[in-house]
Amino acid sequence: MTTPRRVLVSDPNLVEHQSRLEELVADVANCHWVADPTSKHGLNALAQADVFVGTTFTPAMTEHASRLQAVLVPGAGHDGIDKSALPAGVPVANTFHHEASIAEYVVACAVMLRRSLWQQAHALTDGVWASSVHDPSLRQPATLGASTVGIIGYGHIGQAVWRLLQPFGSRGRAIRHSPMDATPDGLDWIGTTADLPRLLSESDVMVLCTPLTDESRGMIGAAELDLLGPDGVLINVGRGPLVDESALYAALRGGRIGGAAIDVWYRYPDPSQRDSQGRSAVTMPASEPFGELPNVITTPHVSGVSSATFTGRVGDIAEAIHRLVAGQPLDRVVHP
330 MTTPRRVLVS DPNLVEHQSR LEELVADVAN CHWVADPTSK HGLNALAQAD VFVGTTFTPA
390 MTEHASRLQA VLVPGAGHDG IDKSALPAGV PVANTFHHEA SIAEYVVACA VMLRRSLWQQ
450 AHALTDGVWA SSVHDPSLRQ PATLGASTVG IIGYGHIGQA VWRLLQPFGS RGRAIRHSPM
510 DATPDGLDWI GTTADLPRLL SESDVMVLCT PLTDESRGMI GAAELDLLGP DGVLINVGRG
570 PLVDESALYA ALRGGRIGGA AIDVWYRYPD PSQRDSQGRS AVTMPASEPF GELPNVITTP
630 HVSGVSSATF TGRVGDIAEA IHRLVAGQPL DRVVHP
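Following the numbering used here, the numbering of the sequence shown begins with 330 at its first residue and continues without gaps.
Any given hint could turn out to be false.
Said to hold, decoys possible - No farther apart than 20 Å at their CA atoms in a straight line, the calculated lysine to any residue pairs in the SDA-like style are these: (1) Lys369 / Thr385; (2) Lys412 / Thr384; (3) Lys369 / Thr384; (4) Lys412 / His664; (5) Lys412 / Asp379; (6) Lys369 / Arg396; (7) Lys369 / Glu544; (8) Lys369 / Gln606; (9) Lys369 / Ala389; (10) Lys412 / Leu372; (11) Lys412 / Pro388; (12) Lys412 / Val440; (13) Lys412 / Thr542; (14) Lys412 / Glu544; (15) Lys369 / Asp356; (16) Lys369 / Pro341; (17) Lys369 / Ser605; (18) Lys412 / Thr385; (19) Lys412 / Arg661; (20) Lys412 / Asp365; (21) Lys369 / Ala414; (22) Lys412 / Thr391; (23) Lys412 / Asp543; (24) Lys412 / Pro540; (25) Lys412 / Pro658; (26) Lys369 / Gly607; (27) Lys412 / Asp660; (28) Lys412 / Thr367; (29) Lys412 / Thr387; (30) Lys412 / Leu659; (31) Lys412 / Val663; (32) Lys369 / Ala405; (33) Lys412 / Ala389; (34) Lys412 / Val662; (35) Lys412 / Arg444.
To be clear, the hints were calculated from the coordinates, so they are not data collected in a lab.
Kindly produce the complete structure, drawing on both the sequences and the hints.
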């Protein structure tokens with residue numbers, strides 16, 4: 330294998346760590362950074378690259394990737410890489426390190442929504458004291474410790490979420506695509522996607538952290554949300570289309586579920602439309618106006634974004650580049 334001396338990096342999350350990545354691979358590679366790999370400048374740089382580090386690979390990039398030896402995704406999700414557009418035999422490897430950051434986000438949102446703190450904060454901006462102390466028609470909220478948490482997807486993220494929840498005293502159960510031989514410590518039970526109705530009906534807080542596949546797309550619709558119920562809280566850190574957008578909005582607006590935290594969306598800014606300062610264009614994340622609802626926490630896909638996450642990912646990327654240079658197989662290969 331030709332030594333990969335040229336590395337094209339295209340991920341805004343790595344810019345803050347540019348000097349560290351370049352230092353870690355200085356003895357084996359030169360890094361070139363572009364904001365948009367599909368721009369003329371980006372395609373010209375790709376034509377000279379042995380390794381591409383990024384989250385997007387499109388058919389427009391194929392004819393410029395003849396030198397390419399590997400695609401390194403600086404994250405877990407690789408659905409932005411069009412595998413059919415890659416030159417034959419080019420491996421794709423991913424990385425993680427986001428699970429601790431995402432778990433913190435999940436717990437924070439679960440507390441805010443389960444305790445009604447988010448809703449109360451919204452009400453107080455209008456002078457409304459939305460508490461049972463000031464309004465006898467309101468119930469006292471439950472604690473997270475007194476809640477049952479259901480986790481859809483028990484991989485790196487799901488396991489990290491459960492580790493953080495256990496000290497609260499929460500009860501937990503989970504489902505995953507493939508069955509497990511034994512129930513992990515602390516969980517009441519773990520099943521497969523066939524157990525989704527049971528999981529929803531038994532849970533106060535539902536955490537979605539499963540990958541988006543043809544099978545999982547739209548797995549949560551109106552019927553599933555009704556099983557979660559009017560006190561239930563949904564937290565989506567997986568992918569937006571796991572949940573039917575219109576059904577979710579209707580359930581939240583109509584009070585058929587208690588609240589939601591949405592960090593992953595149905596629309597994203599076009600990476601080719603950044604301004605001269607590198608800022609994304611204004612883009613509404615969904616057709617429905619979720620941000621207008623007082624029982625919804627909306628965030629711009631940031632649950633996994635922390636310095637610790639990307640420090641770890643930079644280390645993995647540097648290690649992968651060194652392995653390529655040494656002719657060693659990559660870790661965490663997701664394609665082919």
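Here is how each hint holds up against the structure:
1. Lys369 / Thr385: holds, 15 Å
2. Lys412 / Thr384: Roughly 12 Å between the alpha carbons, so the hint for lysine 412 and threonine 384 holds.
3. Lys369 / Thr384: holds, 18 Å
4. Lys412 / His664: holds, 8 Å
5. Lys412 / Asp379: holds, 17 Å
6. Lys369 / Arg396: Holds: lysine 369 and arginine 396 sit about 17 Å apart, inside 20 Å.
7. Lys369 / Glu544: This hinted pair is violated, its Cα atoms lying about 36 Å apart.
8. Lys369 / Gln606: holds, 18 Å
9. Lys369 / Ala389: holds, 11 Å
10. Lys412 / Leu372: Status holds; Cα separation ~18 Å.
11. Lys412 / Pro388: holds, 9 Å
12. Lys412 / Val440: With a Cα-Cα distance of about 39 Å, the restraint between lysine 412 and valine 440 is violated, given a limit of 20 Å.
13. Lys412 / Thr542: Given that 20 Å is the threshold and the Cα spacing comes to 14 Å, the pair holds.
14. Lys412 / Glu544: holds, 18 Å
15. Lys369 / Asp356: Outside the cut-off at roughly 29 Å; violated.
16. Lys369 / Pro341: With a Cα-Cα distance of about 18 Å, the restraint between lysine 369 and proline 341 holds, given a limit of 20 Å.
17. Lys369 / Ser605: Distance of about 16 Å is within 20 Å: holds.
18. Lys412 / Thr385: Holds, at roughly 10 Å.
19. Lys412 / Arg661: holds, 16 Å
20. Lys412 / Asp365: holds, 19 Å
21. Lys369 / Ala414: holds, 18 Å
22. Lys412 / Thr391: holds, 10 Å
23. Lys412 / Asp543: Holds. Lysine 412 to aspartate 543 sits at ~15 Å (cutoff 20 Å).
24. Lys412 / Pro540: Distance ~16 Å between lysine 412 and proline 540 Cα, so the pair holds.
25. Lys412 / Pro658: Between lysine 412 and proline 658 the Cα gap is close to 19 Å, so the pair holds against 20 Å.
26. Lys369 / Gly607: holds, 17 Å
27. Lys412 / Asp660: holds, 18 Å
28. Lys412 / Thr367: Judged against 20 Å, a Cα distance of about 16 Å means the pair holds.
29. Lys412 / Thr387: holds, 9 Å
30. Lys412 / Leu659: Roughly 17 Å between the alpha carbons, so the hint for lysine 412 and leucine 659 holds.
31. Lys412 / Val663: Holds, at roughly 10 Å.
32. Lys369 / Ala405: Not satisfied, since the Cα-Cα distance of roughly 28 Å exceeds 20 Å.
33. Lys412 / Ala389: With Cα atoms ~13 Å apart, lysine 412 and alanine 389 stay inside 20 Å; holds.
34. Lys412 / Val662: Holds, at about 13 Å.
35. Lys412 / Arg444: violated, 44 Å
When held up to the earlier numbered hints, the structure conflicts with 7, 12, 15, 32 and 35 and fits the remainder.
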